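Undergrad: Put together the whole structure using the sequences plus the hints.
2 protein chains.
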Amino acid sequence: MSRNAAPAVALLSGGLDSATALAWARAQGFECHALTIDYGQRHRVEIEAARRVVASLGIADHRIVSADLRAFGGSALTAAIDVPKERPLEEMASGIPVSYVPARNTVLLALALAHAETLGAVDLVAGMNALDYSGYPDCRPEFLRAFEEVARLGTKAGVEGARFTVHAPLMALDKAGIVKLGRSLGIDFGLTHSCYDPEPDGVACGACDACQLRLKGFREAGVHDPVRYRAPISPRG
Amino acid sequence: MSRNAAPAVALLSGGLDSATALAWARAQGFECHALTIDYGQRHRVEIEAARRVVASLGIADHRIVSADLRAFGGSALTAAIDVPKERPLEEMASGIPVSYVPARNTVLLALALAHAETLGAVDLVAGMNALDYSGYPDCRPEFLRAFEEVARLGTKAGVEGARFTVHAPLMALDKAGIVKLGRSLGIDFGLTHSCYDPEPDGVACGACDACQLRLKGFREAGVHDPVRYRAPISPRG
Chain H
1 MSRNAAPAVA LLSGGLDSAT ALAWARAQGF ECHALTIDYG QRHRVEIEAA
51 RRVVASLGIA DHRIVSADLR AFGGSALTAA IDVPKERPLE EMASGIPVSY
101 VPARNTVLLA LALAHAETLG AVDLVAGMNA LDYSGYPDCR PEFLRAFEEV
151 ARLGTKAGVE GARFTVHAPL MALDKAGIVK LGRSLGIDFG LTHSCYDPEP
201 DGVACGACDA CQLRLKGFRE AGVHDPVRYR APISPRG
Chain F
1 MSRNAAPAVA LLSGGLDSAT ALAWARAQGF ECHALTIDYG QRHRVEIEAA
51 RRVVASLGIA DHRIVSADLR AFGGSALTAA IDVPKERPLE EMASGIPVSY
101 VPARNTVLLA LALAHAETLG AVDLVAGMNA LDYSGYPDCR PEFLRAFEEV
151 ARLGTKAGVE GARFTVHAPL MALDKAGIVK LGRSLGIDFG LTHSCYDPEP
201 DGVACGACDA CQLRLKGFRE AGVHDPVRYR APISPRG
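Heads up: the sequence lines are chains H and F, in that order. Under this note's numbering, think of the first position of the first sequence as 1, with each following residue one higher. Under this note's numbering, think of the first position of the second sequence as 1, with each following residue one higher.
The set of hints was computed from the structure by calculation and includes no laboratory data. Please read all numbers here as calculations on a predicted model, not as lab measurements. Treat each hint with caution, since some may be false.
Just so you know, same-sequence chains aren't split out, so a pair can sit in one copy or run between any two.
In the EDC-like style, the derived pairs of lysine to aspartate or glutamate whose C-alpha atoms are separated by at most 20 angstroms in a straight line are [stated by the list, open to error]:
id	residue 1	residue 2
1	Lys156	Glu142
2	Lys216	Glu31
3	Lys216	Asp188
4	Lys85	Glu199
5	Lys180	Glu220
6	Lys156	Asp82
TA: Written as structure tokens, this is what we have:
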């Protein structure tokens, strides 16, 4: 990494996507500051995954900040709402699932912006992708462009001329493409966590939307997924 | 209040401005859901003030959610940076003070949006005003309009056609105007807290920017400020 690398704040959930986005940012030469938000998510074992990913990539700065969205609920990830299982892929692709957390990515990006402005960074990095989950509104490019405008208008740095960019290097990739990119960047996939409804020890259910999309991506990429699943998997789709 | 009142999420710090904005929203007939963010602010006694204000206005729903911006620092309100005292008003009016918290209002509005979407509300209420502190970038109307666009594009409700509005009824008022509006709405000013650097028991310093602006506003409005100050006050300006 260049000694004069620009700082960037990379949102890292601990999942496959954000780990790949972080590795991408590192490969671009950014001085990466990883930021994990503990928003009270049901699958908080992903925060341990985030720690493992940061260690494996040799990222020096990793902050874990709490913003408890369980205070509002409204999602299968933050309230007592069942995580859907064994949904056909075509059903996943239509409409916004109950795992959508109201305004989550706005909250995550706002916190990343606060961190970035304090660091003097104008680059944010996140793992959103619009392809597999076209239903998640806050994973679309037009949302990210609107957030950049908020960042420009709502910060001291922006008033002083800074232009913030939200880099979403996975935006146009499907899960198989993300797996391939992650492999090319040397990600140890076994360190990541994707399941929305894991066992207490972190073993993935294999049946929630996140597990199914992950398994499909690895299968289509022709790559072995090293994480542990609860039961023998017969992915659909 | 009408039985069919629209729900609104009102950000309430416990200060004069947000208390007045909340009372305004109640007077407009909104079913008010008060939201206080504990962001690790130095003057956390304002959270107790928020509780008092909510009780006095008879607001049924008040949530206090933590999002610890001390993890990033960068402000006299969230880091070991001295709160400026006895600054001349003309100095306050020029430039962004060290009490500016990087991206704070983006974080606060993001959390309010998460709450609103969960409730099915499209109205947010906040106490920003652009006049007294023209230096705070995230108190300007253009910032709020940009945030509304983020809300439209980044939520399920927005995708489904909802249009979010950030109401900032104090935007064009100076502090004296806010005091007058607050009085007309029956605010008990003694319950509010504005000081950035209070004594542990909540007594205001009388010398920080927030105290000076408050005192000036009350003086110009010809209204007595019932909060307790540390020393005899000789406000400038």
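Undergrad: Indicate, hint by hint, whether the structure satisfies it.
TA: Hints and how they fare:
In this homomeric assembly, lysine 156 and glutamate 142 come within 20 angstroms of each other (Cα to Cα) only across copies, at 14 angstroms, whereas the closest approach inside a single copy is 23 angstroms. Proximity of lysine 216 and glutamate 31 under a CA criterion of 20 angstroms is satisfied in neither setting, with 32 angstroms inside one chain copy and 46 angstroms between copies. In this assembly of identical chains, the alpha carbons of lysine 216 and aspartate 188 lie at most 20 angstroms apart only when taken from the same copy (18 angstroms versus 60 angstroms across copies). Only within a single protomer do lysine 85 and glutamate 199 lie at most 20 angstroms apart by alpha-carbon distance; the minimum there is 14 angstroms, versus 54 angstroms between protomers.
In this assembly of identical chains, the alpha carbons of lysine 180 and glutamate 220 lie at most 20 angstroms apart only when taken from the same copy (10 angstroms versus 66 angstroms across copies). For the homomeric pair lysine 156 and aspartate 82, the shortest alpha-carbon distance between copies (19 angstroms) is at most 20 angstroms, but the shortest distance inside one copy (42 angstroms) is not.
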